[in-house]
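K.L.:
In the order they appear, the protein sequences are chains A and B.
For the first sequence, my numbering assigns the number 499 to the initial residue and increments by one for each residue that follows.
For the second sequence, my numbering assigns the number 32 to the initial residue and increments by one for each residue that follows.
Derived from the structure by calculation, the hints contain no laboratory data.
Values in this document were obtained by computation on a predicted structure and should not be read as measured data.
Some hints here could point you the wrong way.
As a list, the in silico DSS-like pairs of lysine-lysine whose alpha-carbon atoms are at most 27 Å apart [as the list claims (entries may be wrong)]:
1) A:Lys-567 with B:Lys-229
2) A:Lys-717 with B:Lys-229
3) B:Lys-223 with A:Lys-618
4) A:Lys-618 with B:Lys-229
5) B:Lys-81 with A:Lys-567
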Amino acid sequence: MAVTIVSPRPSFSEAFYASLQEVADGERIRTCLQCGTCSGVCPFGYLMDFPPSRMIAALRARMFDRVLKTDTVWMCVSCYACTQVCPSKIPLTAGLMARTKEEMVLAGHVPTELQDALEKTLHYGNPLGESPRKRADWALGLDPPVPILRQVRRPVDVLWFVGDYASYHPRVQRVSRALVRVLNALGVDFGILGPEEQSDGDSLRLAGERGLFERLAEKNGRAFRRYTFREIITTDPHAYNALKNAYPELGIAYPVRHYTQFLAERLDQLRPLLKRELKARVTFHDPCYLGRVNGVYEEPRALLEAIPGVTLVEMSHNRSTSLCCGGGGGGMWLDGFQWEKARVRLSEWRVREAVAIKADILAVACPYEPPRFEDAIKMVEGASRLVVKDIAELLAEAMEEA
Amino acid sequence: MKIVVPVKLVPDLVEELLIDESGTALDTTWLSLILSEFDDHAIEQAILLKERDGAQVTVVVPDVEGADDVLFTAAAKGADRLIRLVGPFEPTVNNHALARAFAPVVRELQPDLVLTGVQAHSDLDGPVGPQLAGLLGLPYVGYVAGVRVQGDRCLVRKEHPGALLAEMEVALPAVLGIQAAEEPPRYVAFSKIRQAMKTAAIEEWPVDELDPSGGPAVRRLFQPEVGERATMLEGDVDEIATRLVGILEELGVLA
Numbered sequence: 499m500a501v502t503i504v505s506p507r508p509s510f511s512e513a514f515y516a517s518l519q520e521v522a523d524g525e526r527i528r529t530c531l532q533c534g535t536c537s538g539v540c541p542f543g544y545l546m547d548f549p550p551s552r553m554i555a556a557l558r559a560r561m562f563d564r565v566l567k568t569d570t571v572w573m574c575v576s577c578y579a580c581t582q583v584c585p586s587k588i589p590l591t592a593g594l595m596a597r598t599k600e601e602m603v604l605a606g607h608v609p610t611e612l613q614d615a616l617e618k619t620l621h622y623g624n625p626l627g628e629s630p631r632k633r634a635d636w637a638l639g640l641d642p643p644v645p646i647l648r649q650v651r652r653p654v655d656v657l658w659f660v661g662d663y664a665s666y667h668p669r670v671q672r673v674s675r676a677l678v679r680v681l682n683a684l685g686v687d688f689g690i691l692g693p694e695e696q697s698d699g700d701s702l703r704l705a706g707e708r709g710l711f712e713r714l715a716e717k718n719g720r721a722f723r724r725y726t727f728r729e730i731i732t733t734d735p736h737a738y739n740a741l742k743n744a745y746p747e748l749g750i751a752y753p754v755r756h757y758t759q760f761l762a763e764r765l766d767q768l769r770p771l772l773k774r775e776l777k778a779r780v781t782f783h784d785p786c787y788l789g790r791v792n793g794v795y796e797e798p799r800a801l802l803e804a805i806p807g808v809t810l811v812e813m814s815h816n817r818s819t820s821l822c823c824g825g826g827g828g829g830m831w832l833d834g835f836q837w838e839k840a841r842v843r844l845s846e847w848r849v850r851e852a853v854a855i856k857a858d859i860l861a862v863a864c865p866y867e868p869p870r871f872e873d874a875i876k877m878v879e880g881a882s883r884l885v886v887k888d889i890a891e892l893l894a895e896a897m898e899e900a
Numbered sequence: 032m033k034i035v036v037p038v039k040l041v042p043d044l045v046e047e048l049l050i051d052e053s054g055t056a057l058d059t060t061w062l063s064l065i066l067s068e069f070d071d072h073a074i075e076q077a078i079l080l081k082e083r084d085g086a087q088v089t090v091v092v093p094d095v096e097g098a099d100d101v102l103f104t105a106a107a108k109g110a111d112r113l114i115r116l117v118g119p120f121e122p123t124v125n126n127h128a129l130a131r132a133f134a135p136v137v138r139e140l141q142p143d144l145v146l147t148g149v150q151a152h153s154d155l156d157g158p159v160g161p162q163l164a165g166l167l168g169l170p171y172v173g174y175v176a177g178v179r180v181q182g183d184r185c186l187v188r189k190e191h192p193g194a195l196l197a198e199m200e201v202a203l204p205a206v207l208g209i210q211a212a213e214e215p216p217r218y219v220a221f222s223k224i225r226q227a228m229k230t231a232a233i234e235e236w237p238v239d240e241l242d243p244s245g246g247p248a249v250r251r252l253f254q255p256e257v258g259e260r261a262t263m264l265e266g267d268v269d270e271i272a273t274r275l276v277g278i279l280e281e282l283g284v285l286a
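The shape of chain A in the complex, shown without the other chains:
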């Protein structure tokens, strides 16, 4: 392994501690009660040499260098469960975990799979390593054509920030095309950036690549400034989080909503279009970055309940206690690494919950989830009948003629 830049002197702990205080509300780390709730609620806490509360203990004992010698911080999927339960309201996920991962990244101690995703993002603007020129190819052949702002060169009401997986991953491209049908049916005047769009980079930011996140944000900011639009919507809760909570401090601030909020606002217009009955028990998986992090719980459910025939059922973990699919904070590119340590996947736990309540459809609203949950279904006994659909897909299906 490369020589670490982390020197095992006590002053490192102090320097790190000081840097944590620079994160918003970071000074709250001084009020840690060592109650251990964070470590307890963390889905992989039991596998970490240093779960969050022990990390803080090590910091206080000026032994933080020991934490950086282990690699179990990479088990963190940035699900915000710890942040949400902390009685001292310490920004554990965005502060402690992200900064610790940042130290690992600076020292070059990055698991190979994640390294690959980071390098591809730097080079191609997306972690899948696909050509930036093909970012809007998912929309080829659609009628009417999806407006690409650089081509149509006119103001639009809505700029739809599509995102990496929704642009390039074959399974998630279907979700994008479904949303196009819904937006067209509602007569929404929208456009996409296409090849000018870069990864939102939020998962990379939380995986410790702050520098790369800022570079991507700069490029996206330049693209936004070229065009005239009233608001941004996105199908990706991670992009939603970045645009809403992280971009403004970089000087890039636009009104932004997740597509479920946008559509829920138009329910009266949408409801009469949902003619086709879908008789199914549907359960909604609250994405971490839509629900727990940003408090959006009811709009997705309102959309599902508007579909005739749908019976909405809740898994045992729902809303703020929703179980992470395991994709955040770099987790999307750490499957092998995490599997080696855990021998279980968070996405499989979640699928088991859906099976336990006898759901027919697992409804999702985040681009990481269709591939993650469909893979998990293959691994979980009794799950073969379960179907994964994004809310956009279900709405589009309900709009079709019976």
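Use these hints to put chain B onto chain A, whose structure you have.
P.N.:
Just chain B, lined up with the frame of chain A:
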């Protein structure tokens, strides 16, 4: 110890490769260039040697699109000197020309070790390493996957086919064609690359003329064309085997 790493950029296969109007070369309009994978390993091996034994590492790259990114990334990983050769390298040059461009630079820098990727996927006229070594009159060992420097010689592990490894002692200075660095190329945080962009200096060394002589002339460059000579054999295993034997006898390949 001084190490020089001459590298080259090659077409990125993520983009579609198109053939230009002449039908003998790639259309460079949409071509994207990236560092050759084996050269990336050569840089990594050089940095590993620097970390282990102390060395000054110089990376040399021809002036094509993407050259600066390669140099700044190398600096962020620990390279000391960055040299961009300025000359008529675009749209593309063969390895004979590249080797002749690198040779005077290496001669001037007087390194103990020259590390370069053992091959690149754009090689048409042999890899750069042996040609460079020939021009410099230096020993060359290719397919190296491990380097230990000991004074005025180095011990290299050379990969042979059949999972055989040879350990060879080579007198320095020498040119090594790197198959794989001892560690996979490290990750370098973007903030470090950004820092290098601000603080690292790229030296521009002029190359007036490029001499590609000795390289092959491309008559035709084309995508694989669908042939029509395949015969699909149908039937059960015994029927197919019988027919196959008959065909092989007909072709005269059975003794």
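K.L.:
Now tell me if each hint is right for this structure.
P.N.:
Verification of the hints:
1. A:Lys-567 with B:Lys-229: Violated - the C-alpha atoms of B:Lys-229 and A:Lys-567 are around 30 Å apart, more than 27 Å.
2. A:Lys-717 with B:Lys-229: Status holds; Cα separation ~19 Å.
3. B:Lys-223 with A:Lys-618: 17 Å, holds
4. A:Lys-618 with B:Lys-229: Judged against 27 Å, a Cα distance of about 23 Å means the pair holds.
5. B:Lys-81 with A:Lys-567: The hint holds at about 23 Å.
Comparing the model with each earlier hint shows a violation of hint 1 alone; every other hint is respected.
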